[in-house]
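K.L.:
Those protein sequence lines, which keep their order, are chains A, B and C.
Reminder that position 45 of the first sequence reads as 45 in the UniProt record's numbering, one-by-one numbering, no gaps.
Reminder that position 16 of the second sequence reads as 16 in the UniProt record's numbering, one-by-one numbering, no gaps.
Reminder that position 384 of the third sequence reads as 384 in the UniProt record's numbering, one-by-one numbering, no gaps.
Any given hint might turn out to be false.
Said to hold, decoys possible - Simulated coverage check for chain A against chain C, where a stretch passes if three residues somewhere in it have a Cβ under 8 Å from a Cβ of chain C:
id	segment
1	174 to 182
2	216 to 224
Stated by the list, open to error - Calculated lysine-lysine pairs in the DSSO-like style (CA-CA distance at most 30 Å, straight line):
id	chain 1	residue 1	chain 2	residue 2
3	B	Lys335	B	Lys176
4	B	Lys194	B	Lys172
5	A	Lys321	B	Lys212
6	B	Lys176	B	Lys212
7	B	Lys312	B	Lys80
8	B	Lys238	B	Lys335
9	B	Lys194	A	Lys321
10	B	Lys212	A	Lys53
11	B	Lys281	B	Lys176
12	B	Lys312	B	Lys335
13	B	Lys129	B	Lys176
14	A	Lys53	B	Lys281
15	B	Lys205	B	Lys288
16	A	Lys321	B	Lys80
17	B	Lys288	B	Lys312
18	B	Lys129	B	Lys174
19	B	Lys312	B	Lys48
20	B	Lys335	B	Lys281
21	A	Lys53	B	Lys176
22	A	Lys53	B	Lys194
23	B	Lys176	B	Lys205
24	B	Lys211	A	Lys53
25	A	Lys53	B	Lys205
26	B	Lys212	B	Lys172
Said to hold, decoys possible - Listed next, with one range per pair, are the computed distances between beta-carbon atoms:
id	chain 1	residue 1	chain 2	residue 2	range
27	C	Asp490	A	Met141	50 to 56 Å
28	A	Ala327	B	Lys108	52 to 58 Å
29	C	Asp374	A	Leu283	30 to 36 Å
30	A	Met141	C	Asp92	25 to 31 Å
31	B	Asp202	A	Tyr183	40 to 46 Å
32	B	Glu191	A	Ser153	27 to 33 Å
33	C	Asp92	A	Val200	41 to 47 Å
34	C	Ile77	B	Glu191	18 to 24 Å
35	C	Arg375	B	Asp263	52 to 58 Å
36	B	Arg132	C	Leu142	28 to 34 Å
37	A	Ala327	C	Ala120	30 to 36 Å
38	B	Glu90	A	Val200	39 to 45 Å
39	A	Asp181	B	Gly316	41 to 47 Å
40	A	Ala327	C	Asp320	25 to 31 Å
These aren't lab readings, by the way, just hints derived from the structure by calculation.
Virtual Cβ for every residue (Gly too), placed ideally from N, Cα, C.
One letter stands for each residue in the lines below.
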Amino acid sequence: MTQHVSPPRGGTGKAAPVDGPPAWRGLLARADVRTLSLLGVLAVLVLIGGITKPDEFLDTRNLQLVLTQASVIGVVTVGMTFVIISGGIDLSVGAIVALASVWATTVATQEYGFFGILFTAIVVGVGCGLVNGVLIAYGAMVPFIATLAMLASARGLALQITDGRTQIVTVEGILDLGERDSYVLGIPPLVLVFAAVTVVGWLVLNRTTFGRRTVAVGGNAEAARLAGIDVRRQRLYLYLLSGLCCGIAAFLLIVLSGSGQNTNGNLYELDAIAAAIIGGTLLSGGRGTIVGSVLGVLIFTTITNIFALNNLQTDVQQIAKGAIIVAAVLVQRRTASTP
Amino acid sequence: MTELTSRRGLLFGAAAVSAGAFLTGCTSNESSDDDKPAANDQPAADDKPGKPVTIGYAGPQADHGWLNAINDNAKKRAEKYSDVTLEVTEGSNDTAQQIGQIETLINKKVDVLVVLPADGKALTQVGLKAMRAGIPVVNLDRIFNTPQAYRCWIGGDNYGMGLNAGHYIGEKLKDKADARVVELAGLDNLELTKQRTQGFDDALKNYPNIKKVARQAADFTVESGQAKMAQLLQAQSKFDALWNHDDDQGVGALRAIEQAGRDDFLMVGGAGALSAFQAIKQDNGVLKATVLYPPTMAASAIDLARALGQGKGIGGMAEYEIPASITLYSAVVDKDNVDQYMSTGFK
Amino acid sequence: MAPEPPLLSMSGITKSFPGVRALDGVDLDVQAGEVHCLLGQNGAGKSTLIKVLAGAHQPDTGTIRWRGEDVTLRSPIAAMRLGIATIYQELDLVEHLSVAENVHLGHEPTTAGFVVRGRAARASTAQLLARLGHPEIDPGRLVGELSAAQQQIVSMARALSHDVRLIVMDEPSAALDPDEVDNLFRIVADLTAEGVAVVYISHRLEEIRRIGDRVTVLKDGRAVAGGLPAKETPTREVVALMTGRNVEYVFPDRPASAPQGEPVLSVRGLSRDGEFAALDLEVRPGEIVGLAGLVGSGRSEILETVYGARKPSTGQVLVDGRPLRPGSVRAAVRAGLGLAPEERKAQALLMLESVTRNVSVSSMSRFARGGWIDRGAELGAARAATRELSLRPDNPSVPVRTLSGGNQQKAVLARWLLRGCRVLLLDEPTRGVDVGARAELYAVIRRLADEGLAVLLVSSEVPEVLGLADRVLVLREGRVVHEAPARELDEHRVLDLVMEGSPAS
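Starting from the given sequences, assemble the full structure and let the hints guide the process.
P.N.:
Here you go:
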């Protein structure tokens, strides 16, 4: 009879909450305890970085570096967050990034210059998202399986296109975009794109019918359907959105690395899922925030940065990353269970 | 600024080559009249058609420039001989799948096997099986657990790579007091990465004025090379030399160096990619040399397999039998000798 | 005189959750062999109390004595070992395992400690099922394939597979038909005859009268009355204890004249193979039409098919004379249909969301320009809709899961009110709603009809259909067997109609 596990929230959740909260509690509630706890984690990391490597860590260039390195996976994570909130999963993001980045950097594509590359990356991303979406929404495939299949075939196709070779980008406009001369008020263009995707993602999730439908589908798909929401179309759009984010991310990666390679986007799916989860997105759907996910990405990138600056090796980094995922989720559960 | 522009010119050059000279990129083996002075290009046994030999070749999945060059070298070399039939399996990184593929080749009763295992230890048993079935095995690069599992091993020298890179950097910096070097290693899960690092560290022990101040591991991909190098550059505001284990990830590392606007150190690469050779030849960036881990070993492996199949030895050696083990030399390629190696560069 | 100590004696049990004191010094005595009924409105603390008893919650203070000895129920397993079994309202069975596997889950008969003896498990399960009066359930079948009533039997079999002295049943009759309820009562009688005690939770007072020995009434986390005689205490007194006020179980008055006008909803020859046969019905604006029938008579299926959530085999649904695209919820909603489904939590509510968002979910585009939601307008409209239905608390920003069952139902109704829906389909509208709140809900439904809505109502509680509807269609095995104005029918007549010719009667 180990079945009698009580639900995470007490069975008496129906009882009336305590009387009118004072104003400061309302404010605190608005800021969301989860977000605050993530900011706390980030603050602790900044403290650690500042103490261990004051000169290298607390430096404008380092801030630029951390944000730049967060941009590519950050854009992917925004799309992934939408998908997870809707109760789905997209395991193919890394493979789509790889495919889009190699397709956009073939010799033929490069002849079309800057916009040819940008266009191809985005179209390939959206195209893969479309396939995922149609299979899941209209082919009634489980997202895990459909996107796993996409993962395998997109990686395969990327390998076929490149033959395992690194495709070096020669288009000046692309290369320029990754260099210091292109920084706008000290902000790298990649970071600007990341910021824009974040802001748009936040607005779409919180202020539009699309966002509401996403949450509704993830929270209770049957209820959403019976409330008159076109659940299938919404699912299709969500995987398209994830594909679009992968396309943008692929473009950023091309700019960042000046090349396209079939090994690009390695394990992005896991990084993006991990960032979304520590950001407070429920893997079962129905709840999640863009801010949380982006903070999750920044936490991971900052950890990597601090470890590299302190010359700690990959094995230690991986152990710490695992520990932080567990710690962040535990801390959140604790803070979430106290109002 | 001029430095940046010219570097782009160089990258453009690389792509132009990629568009046109695709076939000649790896090895120039199409005809012996057209011989270029490539060090490896002398076939071991003689070129005259002999007894027909069927060689089974089981290579890895070519998801990386060097591995791709390995497969290419093997196939091109085999095409060169009218008496060689090459049975090529679909490249695989999956141990179980590769075992199955090799067993199929054994059942087909090929004359000789050339195997570059996904994992040397894990494929030892199937190597033994082939040998017991009377099929000599040429073990390429990733070595089996026991010499009983191969007739001849040919491969690169990871320790030697590190050693030669260390010596090259050591000689360049030997007059500099308190010199600082940085290492951008490859995938830390692999033993070869540890060997390369060990060789590098051992070489540097000869130069007490040099200190290795930082090491980060990338994973042989451009993306990781860029990311890890960017962190290293931020961590070390001043250093004199960088050793990068792999030219593929070096593309990303060079990109990070360019983005950080740094040119105050010398860089030594590893493996021998065409883009690296071209940069060395141009000599207007930080990349001054690269240490070879030549993919031409696959061509040599075909030569060895053919000689084994025909019962011949290697020209230039007194012994009748071909050696049990051949370790290639990890030559340092710099501006002075780069032309000689250009044709072996892989993409 | 030294009376035998009670089987179970809980005293001074308190349990707090963040912000809520769920139990505030509750006492409960249970004697061996009695049926002890636990009564209380939603949120009174019944669920918390039985979870404490099941070892799923740890009390903050208080003592539990079991057969005269102090015990601590650290976990469900500890409670199980003492012989306390709990059958929850929401059954906790594993759908993809067989009946026998479920019954023996966690204590499978094994050889050498780990090899499950499937045959032995099936044999003992078959025995238990026979004892429970359901020998027809095959122990090898998957639980997911069983009906709700059969699943409950399996859950009971699981409880009995242990050496049990006390069984807690949380609203066991909620999902059962009358004849199945009779069987349940027979089982309860058998158990008590063997000396097993039963703690029985139900909303239905008449059941408590039939089988209960004593009643404990909970209100706001306190036991306001303990050990009342179940059969003698007047209903009015029990209701007064539960609600703190005297409530008449009343239905609102019907309008003086029958609704006129063209039917807004017409169903013509609608059928679904294996579920219900060709159905014709019409509902006029201002009219409440009730469907009465047993579980399995196709009631819910009819509503869901009218609503487009299931695709009909034949027939069509017309709104204002225009046929709807079959099998399309969206077409139905656009045409002005709204469904309040039977399983509110599973089928209607977004439990993690606020009341506002639950109310506005079907009308989002009204507050959106270019996909952009005007949250001020949304909140205002949700507030207006929930106020019109007197939803409590009067704050649409609270999470919907904090609402009582009745208020959750009002949130669903507010959704359709806001949408401007013209035909309301109500499937068991008062399921899980406590007695005090029902009358209010009935009044709301009647008021909506008076304002011109057409209502199609389905309920397994015959008095509810008779009291609320203007016209009643009686269903049996997927067919309409009788249709009449509600005032011409009474409960006995309807029960006769639904049972007529059925083997159970």
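K.L.:
Evaluate each hint against the coordinates.
P.N.:
Hints, verified against the model:
1. 174 to 182: n = 0 at 8 Å, threshold three: violated.
2. 216 to 224: holds (count 6)
3. B:Lys335 - B:Lys176: holds, 22 Å
4. B:Lys194 - B:Lys172: With a Cα-Cα distance of about 24 Å, the restraint between lysine 194 of chain B and lysine 172 of chain B holds, given a limit of 30 Å.
5. A:Lys321 - B:Lys212: holds, 26 Å
6. B:Lys176 - B:Lys212: holds, 14 Å
7. B:Lys312 - B:Lys80: holds, 18 Å
8. B:Lys238 - B:Lys335: Between lysine 238 of chain B and lysine 335 of chain B the Cα gap is close to 25 Å, so the pair holds against 30 Å.
9. B:Lys194 - A:Lys321: holds, 23 Å
10. B:Lys212 - A:Lys53: holds, 18 Å
11. B:Lys281 - B:Lys176: Within the cut-off at roughly 25 Å; holds.
12. B:Lys312 - B:Lys335: Outside the cut-off at roughly 38 Å; violated.
13. B:Lys129 - B:Lys176: Roughly 55 Å separates the two Cα atoms, so the pair is violated.
14. A:Lys53 - B:Lys281: It is violated: about 38 Å lies between the C-alpha atoms, which goes past 30 Å.
15. B:Lys205 - B:Lys288: Holds, at roughly 22 Å.
16. A:Lys321 - B:Lys80: violated, 51 Å
17. B:Lys288 - B:Lys312: violated, 41 Å
18. B:Lys129 - B:Lys174: Violated: lysine 129 of chain B and lysine 174 of chain B sit about 51 Å apart, past 30 Å.
19. B:Lys312 - B:Lys48: holds, 12 Å
20. B:Lys335 - B:Lys281: holds, 5 Å
21. A:Lys53 - B:Lys176: The hint holds at about 26 Å.
22. A:Lys53 - B:Lys194: Judged against 30 Å, a Cα distance of about 27 Å means the pair holds.
23. B:Lys176 - B:Lys205: holds, 15 Å
24. B:Lys211 - A:Lys53: holds, 19 Å
25. A:Lys53 - B:Lys205: holds, 28 Å
26. B:Lys212 - B:Lys172: The hint holds at about 15 Å.
27. C:Asp490 - A:Met141: 50 to 56 Å: About 53 Å separates the Cβ atoms of aspartate 490 of chain C and methionine 141 of chain A, which means 50 to 56 Å holds.
28. A:Ala327 - B:Lys108: 52 to 58 Å: holds, 55 Å
29. C:Asp374 - A:Leu283: 30 to 36 Å: At roughly 32 Å between Cβ atoms, leucine 283 of chain A and aspartate 374 of chain C fall inside 30 to 36 Å, so the hint holds.
30. A:Met141 - C:Asp92: 25 to 31 Å: holds, 30 Å
31. B:Asp202 - A:Tyr183: 40 to 46 Å: Given about 42 Å between the Cβ atoms, the range holds.
32. B:Glu191 - A:Ser153: 27 to 33 Å: Roughly 32 Å apart at Cβ, these two residues keep to the hinted range, so it holds.
33. C:Asp92 - A:Val200: 41 to 47 Å: 43 Å Cβ-Cβ, so the 41 to 47 Å window holds.
34. C:Ile77 - B:Glu191: 18 to 24 Å: Once the Cβ atoms are compared, 49 Å apart, the range 18 to 24 Å for glutamate 191 of chain B and isoleucine 77 of chain C is violated.
35. C:Arg375 - B:Asp263: 52 to 58 Å: With Cβ atoms ~54 Å apart, the hint holds.
36. B:Arg132 - C:Leu142: 28 to 34 Å: violated, 51 Å
37. A:Ala327 - C:Ala120: 30 to 36 Å: violated, 46 Å
38. B:Glu90 - A:Val200: 39 to 45 Å: Given range 39 to 45 Å: holds, Cβ gap about 44 Å.
39. A:Asp181 - B:Gly316: 41 to 47 Å: violated, 55 Å
40. A:Ala327 - C:Asp320: 25 to 31 Å: Violated: the Cβ-Cβ distance is about 60 Å, outside 25 to 31 Å.
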